[in-house]
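Asker: Spelled out from the first residue to the last, the chains are:
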Amino acid sequence: MTKNQIEVPQELLDIPGMNPSKAKSIHEAGYGSIESLRKASIDDISKIKGINKKLASDIYEFLHNAPQKTPAIRTEEDVFLESGLDLYKQGKWGQALQIINDVLEKNPHKIAALNAKAQIYLDREKFQLALDTYDEVTSLDPEIAESWVGKGNALLAMDQKTRALSCFKKALTLDPTNEVAQEKLGEEERLPTFVDGLDAMLEGGIPSKHIVMICGRAGSMKSSFAYYMLHKLSEKEGRKTIYLSLEQSRQSLLKHMKKLGLKKETAKNLMVSDIDDMVVVDMAALRKETDTDTVENIDWPRSIINQLKSYRESYGCDAVVIDSLSALYSLHTFKNPRSELFFFFERLRDIGITVFLISEMYGEGQTQFGQYGVEEFLVDGIIHLKTEEYANRANLFLGVVKMRETNHPRDYFPLIVDQFGFGIVRD
Amino acid sequence: MGSSIEKKMIEFMRPLFGDMARKTIENQKEKLKLTKGELTHDQYIQIIKSIRTLCYKMAGGPVADKLEAGLMQILDAERS
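Top line first, the protein sequences correspond to chains A and B.
The opening residue of the first sequence carries number 1 in this note's numbering; numbering runs sequentially from there.
The opening residue of the second sequence carries number 1 in this note's numbering; numbering runs sequentially from there.
I should point out that these hints are in silico values taken from the structure, not numbers from a laboratory.
Everything hinted at is true.
Taking lysine to aspartate or glutamate pairs in the EDC-like style, the calculated list, with each CA pair at most 16 angstroms apart, reads:
#1 K258/A x D418/A
#2 K309/A x D350/A
#3 K23/B x E296/A
#4 K57/B x E247/A
#5 K386/A x E360/A
#6 K7/B x E26/B
#7 K29/B x E289/A
#8 K110/A x D135/A
#9 K309/A x D19/B
#10 K23/B x D299/A
#11 K23/B x D291/A
#12 K110/A x E77/A
#13 K309/A x E11/B
#14 K31/B x E289/A
#15 K386/A x D411/A
#16 K29/B x D291/A
#17 K57/B x E289/A
#18 K110/A x D141/A
Required output: the full structure, derived from the provided sequences and hints.
Answerer: Pasting the structure below:
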């Protein structure tokens, strides 16, 4: 059981439409009892954090017009459970657990006791036991946000991030003001790649707002791979995404994607606002329209930053692919690459979206992940697509060379592309 | 009408055209030979149609439609 449930009077929790988090807000706003809340107007109630006008009106209606119930009679079981919780607060968790178990023996479905037991297990780092108990609570009553948060915390401690995130999301649907769930989701949000096998390897996907380079030689399917991820993010999750092509024409890119079975039309809720979630913008077409002098006078890194910032503000944007870093280098000469690229990447980061930068391989033997040799230190992640010749065939392999905030293997895995999409083969 | 409407058009176009938004408007003016004097409402409509054609190439039909509608709205708001 969480602190909220321990401190908030039961009578507040008994109000229809209430949950522990909202009851806690009411309590913290100075309404410690039904009697004090009854003196508040609808306006007063709606000013409490997490209480909207509709709920405020329902609460007011309930307190003033509903037939008055006789105060809930605290059973012997409730008193016994409270004594257990008191012991727990004093640090006597063993004795507390004994009392809670006694309560549960008499009433195995008592939610308050189950939640308290799960919380004790969680605090004692008995994560599997905590998870089992939270599972029981959430199946008995799936409408308690705090239980989903507890379950999420247990899963997080057991390194099951994807499942943990689903629990925090569920908690937020039940209680959009739940601060723990908000915080955990903010910290842990990852964008799935939808590449079969890769998300499991990356603890659920690429950490949101990371800058990730997708590197490889010509023909290693960098653009297709990046397009696939954006396409799936829009199609499956309704994410707003933008594919910024600096060199390849939109027509040629889309033609190629259709060959891969990725028809843009299948992405639902297409673009700028209601029409499309994924937009492919061909900056090369714009450049062709403009005289060379003007193109050369444009500060392209700055222009891209301004464009993305403005795009995000106008239409919303979760992820962008910039295709490619190599094309950007041909448009802009970096006089002091280390410093200028540092600021370019920092400004990209400040926009607050996940950025995929497509890059050729450089250096002798094409083993360097960026033209200037500093890119790999500045980005948060590097996904390397490489081709290896075997029996007269160029086979594709994928390796995650770097991904901050993620424990991942460093091996290269065969990358398969078929009618089902992209996937890696792991033993 | 001129500079104020163009400022608004540039801002509206920035998400797709970046810092090339201003130059794009100038290019369309040159293409349509509308470089002299203050432009009329109808001449701005021609410019918007021309930008739509370019945008269609750059980002496809739905985006071009949306951009055209937005620019027309700016134009109409300025007129009224």
